[in-house]
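Peer 1: With the hints in hand, could you dock these two chains into one complex?
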Amino acid sequence: MIALAALAVPFLAAILAPLLGRFLSRWLAIVLALFPLLLFLFWLRLLPHFFGDRSEAIAVPWIPSFGAEFSVLLDGLSLTFAILVSGIGTLIVLFAGAYLKGDARLPRFLCYLFLFMGAMQGLVLADDLIMLFVFWELTSISSFLLIGFERERMSSRRAAIQALVVTGMGGLSLLAGFLLIRYASGASSMSEIMALENGLRDLPVYLACFILVLGGAFTKSAQFPFHFWLPNAMEAPTPVSAYLHSATMVKAGVYLLMRLQPAMGDTVVWETVLPVFGAVTLLTGTILGLRQTDLKLVLAYTTVASLGLLVMLTGFGTEGAIAGAVLYLIAHSLFKGGLFMVAGGIDHEAGSRDLRQLSGLRHGMPLTFAIALLCALSMGGLPPFVGFLAKEEMYYGLLGDDPWSIVLLAAAIVGNGLMLALGFIVGLRPFLGKEMKAPKHAHEGPPDLWVGPAILALCGIGAGLFYHVFHETISIPMASAVAGEVVPVEIGPIPHLSTAFYLTVLTIALGVGIYLLQDRLRAGVDRALVAFGWGPDRGFDQVIAGLTTAAHRITYFFQSGRLDLYMTTVFCALAFTILFSLSFFSEVPALPEWPDLAIHEWTILLIIVVGMGTVIMAHNRLTAIVSLGIQGFGVAVLFMLEGAPDLSFTQFMVETLSVVILALVMTRIPLAKTDHRSDPEKLIDGGIAGLCGIGIGALLLAVTQTPFDSRLSEFYEQYSRTIAHGRNIVNVIIVDFRGLDTLGEIAVVMIAGLAVLGLIRIRRPRIEDIATETGDRS
Amino acid sequence: MRTVIFRTVAPFLTALMIIFSIFILLRGHNEPGGGFIGGLIAASANAVYGIACGVSPVRRSLRFHPMTIAGAGLFIATLAGLASIFAKAGFLTGLWTTVHLFGQSIDLSTPLFFDIGVYLVVLGTFSSIGLALEEREVE
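Chains as they are written, first to last, in my numbering: chain A, 1 to 778; chain B, 1001 to 1139.
Next comes chain B alone, as it looks inside the complex (with noise of 0.2 Å):
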């Protein structure tokens, strides 16, 4: 598997899809895509970097334990359903806010917050599962 040209390319590759999925991460709210997914994707470019190069260089790129990653998205969505309460609204009530910046108009949300926190649960569990299992292939 560890072919020359697969390990050029993989960290352009693993790159790529990382962008990708955050892209689809952000999309989800208006078109295909959202945290779920964009996470699946997240974790297969981090299969893929470990199958080519190697699971201690995931490792290092990841700079915390995937687990930990996990563990602050489910940290993250928590607090994105806690916001509410502080408006007097019921837990995981969206809130709305548009933001100017630069001459654009950016809509911020709490469910926008929630889905990035779906995204880091599911690419931190399946990457540490992944990265686990590809680990063992290496001994």
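Isolated chain A (complex conformation) (with noise of 0.2 Å):
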């Protein structure tokens, strides 16, 4: 239950955040970092209950019509992203605070970054599908005003929209898919899913919920061909960066493919389609990154290049193949996550993020310097760091002597060769060479600047020399989640000789080689991708561009301004549907006998007719509009004699207030004295309220002519008096029995007044603009 509650804290330090920023502006972000570090001792100390597979779910009703739980599931998995999330919250609130020190923005970016925290702690915690699925929606979203944080900038605009677009769309896939899920397995939740016999590989309906699901976490994990909103986001703040897109956000998609691996996994499709679209994003990732200068977007394409890596680790699906995914998802986040803070204290402290400016900088930030080596050490895996070990188990999972093994293995090997030389591009380059002429004196910053990343760094070589008591409470019950059985993890730091270590050999040697030939690869990546001169960016941009003109021409088709088409649209579907209708379904009525009328209702008559010859042939428009109104008074005494009284009343109100306010608008209206139509439009537009009079007309009598089914009139009679205790059925029917209908009614009479409202004061300030114009306001 606690667990539960816990969910709910960032959401509270996300209200504080704006409400607190005021008194204390200095210390905001330590405090609120109390928040982030509450719940990563909280889910550190569950960690022990949860060795081997073991998992527990609990669970509170949410919405019992819908069959949707509020729900968490603890185990190895979703407890060490919470542990992540809540962990590196806590620094990444602290180097925030660093950050933007000073900035009158620090709450409001705070306030976001803690709803983002709930969000993704939500994401990982969540048993329920639909739990998970708002959750997942909600990372989106704030991800969207992350990274459009500095509004005013275009650029950054349109990367949060980009994002949002493209896991926003994602999101939607998920959910059909979760949807499908549930409605063929019945199965409402993760541990449910768990719980079924051979997983869901059985539904007939198994490819279409994994394209699905896949179009979610592709989406969300960057993975090829949706790669390129993530180094887009790096518009974001370093700390956003540091966050979301690589620590954690990214991760998601990820997760949700490890969560379903026990029940999704070990199929063709899976096998197949994972490891190819992973390996694929892995190198794409990889060589993009190699052409960047901006050290964040060189790490930008890293993490997509090792979320390509884990995505194919969890696709190929064997024990050791998971183990180096859990090892190395670990890892990244460590060291990723250090070397984005790293970057961001460059940028702080010595004002750019270009290779080509940075130089020499081990003399004014020493300690900078030796954290961003530690964690690039980590990056290039070599003992005795965690990406050490990462390496090893995932080439251990990967050697085999079939094919498809070795061309994964090649992949692998390549990907990590160049992520090693692109991490010491970022954590070793910089610090290098002589002192450089930067825009600022670079020097050691405060240490909410390093104390993070240090933190970082040194967890990754704790979590490699440590590695027994690593593997037991983290390592086997995050990777037996993820297989759905236990599985051993025993690798340590201490190199043996064997093939793998031997591959690991080779991929430094390829790194270190592409470290020193960086600039020539560089240019020749540069040449080649401009020679192609088009990709996913690209893409996008023209979707978006053509969707607006697509929007936009339809839009002017429809909506051309001109009151005059609207009309004749509206009343040739008029008079189209009614006779086509009729005639279509031969319901076509027979012409009523004459009728037999005493002498004072041929007189209304006549007056409703000589009202509308006078409508028709008036040439004022106060004529007309007057002459209207006689001919609806008429109709109103019409349903007077017929004993319809309420009716008549109505009427009678409706046409005097609709001659007063037609009266009123008209004159407003700057329009023509005369009728400036030709006589063949007249004709026209002559012919078509003919066809509308004669379409409702003939409809009236069609009407009146089936035979009446009285059930419903006898039915209020009846009740009118004895349930409702009244006797004007009319009124009883309006304010009880069909109430509801009522008040729909009422609330869009006054929606469609205030708008009425706005329409009448738009055009004042004209009026006003004019006569201060020329000068006379009488």
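Read the hints as simulated data drawn from the structure, not as lab findings.
Virtual Cβ for every residue (Gly too), placed ideally from N, Cα, C.
Hints are supplied without guarantee of correctness; some may be wrong.
[Stated by the list, open to error] Here's a subset of chain A near chain B, in silico, CB distances under 7 Å, partners left out: (1) 472; (2) 645; (3) 649; (4) 656; (5) 664; (6) 725; (7) 727; (8) 735; (9) 746; (10) 749; (11) 753; (12) 756; (13) 757; (14) 760.
Peer 2: Okay, here's the thing in structure tokens:
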């Protein structure tokens, strides 16, 4: 139960951030960092209970009518993610406090950050599918807010919208997938899916579920060809990049795949599609990363590559591959979060993130240099860092003599080699060489800027050195949750002479070689890409531009802004609908007999016809409006004579008010005094009007000629007095029997009134402008 | 339009129309009438007053912006519907009670309050449109 309450803690912090912002400007980040710190300790304390492949689901009813519960699933996988989210979150909040020091936007920034933290934590812990989806969408929305944080910059807004569109579409696909799983298998939560015999593999709609879920996971985790939004998201302030776009949010897709691996994995499509897309993403990411000169962009592309590697390993599905994926995921969060913060620190203190401008920073920032180097070594997979454990384990897992394993192993080696080189480009290169003339004189920043990355870097060594404890508490439970059975993880930091070790040596050699040749390679990749000239990023722009253009065209086609066209369309449609359906269903009414009317009834009919004639013949608009009113009054009198006083009353009032309002409006609108239509136009309009009249008349005749079903009116007559205590059936229907309709109607009346008021107001300033311009305001 | 006769008669006419509209509203449950038609009559009363004496006296006599009145009407109608929830009945179920006051017995019901809500929405919306248009004419 406390675990359920813990989900609310980051949201509480999000509410508090703007409120406390006024009182504790300097201490805000430090005070608020206590919230994620508490969560971190809480999840850490829960971890020992979930050794091996133990898991526990806690649920309370949420939407019982829909079968949705508010539930968490605790096991090695979800707890490890929760620990990463809250632990790195704590450090990021501290880092953000220093990074945006003195910035008035800090409370807002922290509010968004905590919103995201709550969403991400809910995502990884959620058991119920619907709940998971809600948190999934919340991460997309909070990520949109954070990427577009510097909203006055065009590029920032574009990146935010791009991320939202791509991940939002993926979210819709995921929702469809989840609903399909719910209806096809009957399981509404992750733990229920796990409990199914043979998981989801036997479902007839397995393939559809697979594609839909993949649509969500691949967009969120930036797999090729959806990888383009992630580097663009680097428009966000660096703490966001470090937190969302390397350590946590982008791993949501990998989390989902890992979570579903026991239920959906081990099929041919799973073991083909995931490794292929993963490997392509890995290579695309690293090669595109080589081209970048901005520290953050280099890191962003290596993040894309790392996500590809994780998807590839998860898809490969052997015990070793899964253990490798789990180790790499943790290692990646540690070193990439650290390197991003280092890049932010360099940007903050040296005033540039461009590789070509930065050099010799080791003199001014020795501590940052040490941290960066530790992170880069872990990224490169050198012993005794946790990155080494991950790489050894993944090579063990991928080893095999079938061609499939060899291809993937080759991809992993090339990818890892490139990543090692990129790690050193960020973690080593800016610090070497002679001291540069930086935009700012580089010096060590305040402790909040380097404490966070330092802790992450030390964790990277710690996990490698104390690998027994690390495996026992984290790797084994997490890998077991992913595999669906207990997976032993024993890899240690001492190199043994084995195939995997030779492959590691090969990787390192490859990486060092690429590092030394980086400038030549960069130019080469640049040339190749310029020659190619087209990528998904450009494609995204074209799709969006195409959509906008199409929307414009369609809108202008239907909304020409000309009232006469609107009227013509509406009345043509009306006449067509009635006349076509009457003749199509052969329900054209028979002509009624000549009515036997009294003299006063004839008189009223005559008044109506004369009123109508006047409307048509009138040259003056006011005359036409008043004549229209006369005609309406005539109809009202008819109602009265036929014994419908309520209807008649309302008709009288409506006619009166429409004459008044029409007259007021008409006199104010600048219209030509006379009818501007030519005779043929008048003839066409008259024809349309005539058809409408014939149509409505025929419809009324047809209705009165069909036998009257009196059940409803008998019901009202019978119960109006006894149940609703009213003799006026019309009113009883309005306020009682069909009260909900009336409630909706009066709401519409009021909203329409507000809209009319708005329309009247729009023109007023223009009149005043004209008045002030011409200078006479009498 | 603003003849002396019209301006002299208009306030009385308006007052009469308003009283008549309330009469129509209250008798609606058993005789022809009701909130909608009552609201229309009251709105016409305001329109007459506005045409005769200008918009500002109407706004002054209404005290609130007509849209506020309409909003209050919608609120009352919703509350009248919600009242039945406390009686463990569905939304908008009619509740009836009889009050004895000065020897008279008066039937009170949630549909009555609902109808008052309808009256206020119609009165408020149409008055505010009418007054806004009349205001333009003055300019």
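Peer 1: Each of the hints needs a verdict: does it hold here or not?
Peer 2: Checked hints:
1. 472: At about 56 Å, which exceeds the 7 Å cut-off, the nearest Cβ of chain B leaves the hint on residue 472(A) violated.
2. 645: Hint holds; residue 645(A) Cβ to chain B Cβ min 4 Å, cut 7 Å.
3. 649: holds (5 Å)
4. 656: Residue 656(A) check passes; min Cβ-Cβ to chain B is 6 Å, inside 7 Å.
5. 664: Result: holds, 4 Å to nearest chain B Cβ.
6. 725: holds (6 Å)
7. 727: holds (4 Å)
8. 735: Where the cut-off is 7 Å and the nearest Cβ of chain B is about 4 Å from residue 735(A), the hint holds.
9. 746: holds (4 Å)
10. 749: Holds. Min distance 5 Å.
11. 753: holds (3 Å)
12. 756: holds (5 Å)
13. 757: With Cβ-Cβ at 6 Å, under 7 Å, it holds.
14. 760: This interface hint holds because 5 Å falls under the 7 Å limit.
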